[in-house]
Structures are given as structure tokens and as C-alpha cells.
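Those sequence lines, one after another, are chains A and B.
In the numbering used here, each residue's number is its place in the first sequence (first place is 1) plus 274.
In the numbering used here, each residue's number is its place in the second sequence (first place is 1) plus 26.
Since the hints were derived computationally from the structure, they do not count as laboratory data.
For glycine and all other residues, C-beta sits at the position ideal for the given N, C-alpha and C.
Please note that a few of the clues may not be correct.
Quick list of simulated restraints, FRET-style, between CB atoms [as the list claims (entries may be wrong)]:
(1) B:VAL46 to A:ASP328: 22 to 30 Å
(2) B:ARG130 to A:THR360: 37 to 45 Å
(3) B:PRO40 to A:ASP328: 24 to 32 Å
(4) A:PRO313 to B:GLY109: 22 to 30 Å
(5) B:TYR102 to A:ILE334: 27 to 35 Å
(6) A:LYS357 to B:VAL46: 39 to 47 Å
(7) A:GLY337 to B:TYR124: 34 to 42 Å
(8) B:VAL46 to A:GLN330: 31 to 39 Å
(9) B:PRO108 to A:SER341: 18 to 26 Å
(10) A:GLU336 to B:GLY122: 18 to 26 Å
In the EDC-like style, the derived pairs of lysine to aspartate or glutamate whose C-alpha atoms are separated by at most 16 Å in a straight line are [claimed, not checked]:
(11) B:LYS68 to A:GLU343
(12) B:LYS27 to A:ASP333
(13) A:LYS344 to A:ASP333
(14) A:LYS357 to A:ASP328
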Amino acid sequence: DGGITQSPKYLFRKEGQNVTLSCEQNLNHDAMYWYRQDPGQGLRLIYYSQIVNDFQKGDIAEGYSVSREKKESFPLTVTSAQKNPTAFYLCASSTGTSGGYYNEQFFGPGTRLTVL
Amino acid sequence: KQEVTQIPAALSVPEGENLVLNCSFTDSAIYNLQWFRQDPGKGLTSLLLIQSSQREQTSGRLNASLDKSSGRSTLYIAASQPGDSATYLCAVISRGSYIPTFGRGTSLIVHP
């Protein structure tokens, strides 16, 4: 089955720790995205990547880092510089541009990160 | 800057009702509009994608319409069921952008 997987489903972080959230897709999509979701605030974009070895900051990139070494993988590291990381993190992918139109976004199941 | 608003923020209806959820956007220069469903603690599931050249899309009991000139889309749910209870979000991709702009969603409860 094609889709997006995120792991782990739940993650607990101690103060001062860096943690990495995994996102893998087998949809052969060029573009991948990371969002943060907080109650009452909607989805906020952290980072996005349109092609391997290239990525761009979103609206709330401070305290986060990413890499895109393979087309199917886009891991997100939450660093100790992120002061309030407790949230639900969603990874998404899309085929990017196609004849001037942008295609559907598909989402993974999410990772809930809690700071202890 | 594109802004997307969803009204109402919450809705509670008895089973069997036909529903209309609204999504409005400020900049009509869009590539597409997508409707999603999100269950508690889960990711977003794509329901319907409407390209800017289209007026509507249908999938089962769902029908989404798009009126770019007025900056509006509606999601029509026919004969609602308790299993339709979820949060429904819309997102638009504006011309010149690769990034979708999301609304905050409408939380729907369908009670038996």
C-alpha cells in the first residue's frame, strides 16, 4: 500500500534533549512538508522540501531542523532550542507542480511529542 | 497574504440531516482547494480536491463546490451519520506559492 508513515506515534522528550521524528513516503512524491498542530491554532508550517537536498523554512522553523537526503524520507529534529515543543506533528507530501496545477496533499498519521 | 476562514467553528446535528460547511478565502488567485477530514489524534485524510478550473467535485455523499470569484467553497454532506463526526478542514494553494493555507476547521458532531 502506498502512503506516508510517521514514527514514533508518541514521543517524550526531556528538557535539553534533541529528538528526531521520522517521516517516510512511498508515493514517489517530490514535495514533503512538516506541520505543527496545537489546539485552537490550526496547522503551522515548519519546513518544506520540493526536491532532494533542498528545503525551505516555513513560518515557525526556529528550534527545528530537517534533512532531505532521499526522496522518500524527510526527518524532523526538534532541538533543545525549541522552547515549547509539546504538540502534534504532521508530515505531508504532494507531487508538487504538474502542468501549472498543484496536486493533492497526503498526510501521515502524526507524532505526538510531549516534553517531560 | 491569503487567509482562509471556516464557519461555523463547531456544529452539532442529529443523524440524517444534510449539512453545509463553509470555507472562504481572501485571494481568488488559487491553483486548487482541498477538503480534509481529521479524526481526534489522527492525521488528515483528503476528501476532495477542486482545481481552479472546476466548479465542483463529488465523492459518495460529499459534494464540494468552488466559486473563485466570491472566494468561497462549500462542502455538502448528505444524510449525515454519526461516523461523519470529525473536524473538517479546507486548504487553498495560491498562485505563486507551493504552500497550502489552511483554515482552522469545523468540528462536526452527528448524534444518533
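#### Entry: C-beta pair B:ARG130, A:THR360: status relative to the range 37 to 45 Å that was hinted
Between B:ARG130 and A:THR360, where Cβ atoms are some 19 Å apart, the hint is violated.
### Query
Is the hinted range of 24 to 32 Å satisfied by the C-beta distance from B:PRO40 to A:ASP328?
At roughly 50 Å between Cβ atoms, A:ASP328 and B:PRO40 fall outside 24 to 32 Å, so the hint is violated.
### Query
Can the suggested window of 18 to 26 Å be confirmed for the beta-carbon pair B:PRO108 and A:SER341?
violated (43 Å)
### Query
Range hint 34 to 42 Å: satisfied by the CB atoms of A:GLY337 and B:TYR124?
At roughly 23 Å between Cβ atoms, B:TYR124 and A:GLY337 fall outside 34 to 42 Å, so the hint is violated.
### A:LYS357 paired with A:ASP328 [C-alpha distance capped at 16 Å]
violated (26 Å)
### Query
Is the hinted pair B:LYS68 and A:GLU343 satisfied, with a Cα-Cα distance of at most 16 Å?
Not OK: B:LYS68 and A:GLU343 at ~27 Å, beyond 16 Å, violated.
#### Entry: Pairwise beta carbon distance, A:LYS357 to B:VAL46, judged against the given window 39 to 47 Å
holds (41 Å)
### Task
Just tell me: holds or violated, for the beta carbon distance of B:VAL46 and A:GLN330 against 31 to 39 Å?
For B:VAL46 and A:GLN330 the Cβ distance comes to about 36 Å; the hint holds.
### Task
Given the hint of 18 to 26 Å, check if A:GLU336 and B:GLY122 actually sit that far apart at their C-beta atoms.
The hinted range 18 to 26 Å holds for A:GLU336 and B:GLY122, with Cβ atoms some 25 Å apart.
### Task
Indicate whether the distance between the beta carbons of A:PRO313 and B:GLY109 respects the range 22 to 30 Å.
23 Å Cβ-Cβ, so the 22 to 30 Å window holds.
### Query
Does the alpha-carbon distance linking B:LYS27 and A:ASP333 stay inside the 16 Å limit?
holds (13 Å)
### Task
For the pair supplied as a hint, A:LYS344 and A:ASP333, confirm whether the alpha-carbon distance does not exceed 16 Å.
violated (24 Å)
The earlier numbered hints that this structure contradicts are 1, 2, 3, 7, 9, 11, 13 and 14.
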